[in-house]
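Enquirer: Dock chain B against the given chain A, drawing on the hints supplied.
Spelled out, the chains give:
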Amino acid sequence: MVLDMLMQGFATCFTLENLSFIFLGVLIGQIVGALPGVGPAAGMALLLPLTFGLEPVTAIMMLAGIMYGGQYGGTLTSVLINVPGEASSVMTAIDGHQMARAGRAGAALSIAAIGSFLAGISACLAVAFVTPLLSGFALRFNAPEYFLLGVLGLVAAASLGSSPIRALIAAVLGLMIGLVGTDPLTGAPRLNFDMPALYEGIDFIPVAIGVFGIAEVLSSLERSDEVAPIRTRLRDMWLTSEEWAQSRLAIARGGLIGLFVGIMPGAGASVASLLAYLNERKFSRHPERFGKGAIDGVAAAEAANNSAAHGALIPMLALGIPGSGSTAVLLAALILHGIQPGPRLMTTEATLVWGLIASMFVGNVFLLIINLPLAPAFAALLRVRYVYLAPGILVLSLVGAYAATLDMGTVWMCLFFGVLGWLMIRFEIPRPPLVLALVLAQLVEMSVRQTLLLSFGSLDIFIQRPISLALLLLIGAMIAMTIVNTIRRRRVAP
Amino acid sequence: MRMINAVPAVFMIGLSAMILLGTSDLPYWVETTPGARFFPVWLAGIGLFLSALFLVQVVRGTDPVVLEAPERASVVRVLLTVVGLVCLAIIVPHVGMVFGSAVFMSYLLLFVLRQRFLPSLLTVVVVAVGIELIFVRWLGVSLPGFALTL
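Just so you know, the sequences run in chain order A and B.
Position 119 of the first sequence, counting from 1, maps to 120 under our numbering, and the rest follow consecutively.
Position 135 of the second sequence, counting from 1, maps to 148 under our numbering, and the rest follow consecutively.
Chain A on its own, in the form it takes in the complex (with noise of 0.2 Å):
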């Protein structure tokens, strides 16, 4: 079954079209993982009101290819210049960059590059044959499941992170602008006052752009240091054998912990990547290699960050539930191109879902292709100055914002939000609850009124159902976790 439907989906996706939009997506993703300063997120975000011409399995699985592409792009940087792309790739940064002082920069980008390869298309199986179970069993969900289910997504995305109170004001944050304009349920006019451009809400869009993409412009702009990258050469990606022997456990290792994590809502690449590398330097027989370029610490950050951005998917597409700020992209672009996220997604959007899942095994072998033998002419785009980047990306992005709506309001909207995005950069706010929160805002609020409405008011319903009370005592453990670690946090610090 799940097979034939797989087939189906590599039906989908092998049409011209499809094959060219899926590479298009993939290459952006490489480049905007390898641009510090703009993440998938945002180049998705970017990119949204671009597909809007498109049929909706394009557009997804070129937005897909972004999100994933991403997480390869991400480790040129921090192997070549010892800054990384994308925080995902931050443990790639510790070892790769000592392996690239250390002449062996092209191994690094090799093991990377075929680590993530091979765990992103484990990943994919994964999805292929563990969302069709979720779904089926989110079916049995309802109002209250919905609400409690949306606040498991908050509260996990809360829970991680140096200071769980910051991150809970930005979902909080994210939940109060999805308050603005109507009331969802009776469509009575609420907190817009009397401003024609919030009569019918705050779209997602400039939102995304602005605390995404303008904000990460504005903050790198505050940096002014620029490092010249390392040159690597084609000759330069062969492993050596022995090379291959160290890194291929921590490849499987490094894949399965990203595939769990990513499937976790509100967890994500960084934080898969950060446990895979803990776990292969405690485990390593010699655990002072690590920091001094191991090229198994590499191997399992890359396979877990891409593995995570893959697992990330099965949540959002069984539950209409985003794992993470690229999903969450990803889910409002399924809105906004009116398809309706949820468990029956599975069944009523059968040829999206899988096409999606097709066009992932197919993006990562173009992925492969991007980054071994094409590296080094990758690397090359590190030398292109980022001030000459900067003014372009504000640009584009307030210019998609325009093409969006074709309202200046948009353009406007934008730019608060890139400003608010800049300072919760500076205050240390995380950005990704806020964008997270906005698209669970409707779902939240409509399903616990609706879970109220059914119960005459009593909250003993949330007790009564066995699915939800499993789901609220996973919430109360996961808030009791967070308080129990920030103790012991606050313990050990001097």
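No lab work stands behind these hints, which were simulated from the structure alone.
Since no wrong hints were added, every one of them can be taken at face value.
Derived list of chain B stretches under chain A, where covered just means 3 residues or more per stretch with a C-beta under 8 Å from a C-beta of chain A: (1) 16–27; (2) 44–51; (3) 63–75; (4) 94–108; (5) 112–122; (6) 131–142.
Where a beta carbon is used, it is the ideal one built from N, C-alpha and C, also for glycine.
Expert: Positioned in the frame of chain A, the structure of chain B alone reads:
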């Protein structure tokens, strides 16, 4: 830096208060159904609670985040960029998106970032032509054009 750390909490308190006031004319509960004010009230309450926790952390010095003081030159660069973006949004309806973008990029590269003239000019031309080709010619987006009615 400690008081600066409290800015997000103060902002959230203000926002929560604004939501409570802004929805005061909406019903909280209608017969057996939560009304349009139900969710905003709870959300504002959570916002106030989190802000209070945040403020306690700041006052007790247990906030795990240590904010770095920004360099003056960096902040000036960002502020000048934001001013440029605001001016761009103001002039676009009058001079058009492509021309306005070209003016903004020239301002940013030559005045704010102090880059060399020729590479800056090349960047401006490439981006402006790119916008015209992709958005106007390829996608058929009707971008604001010249309308000299200042």
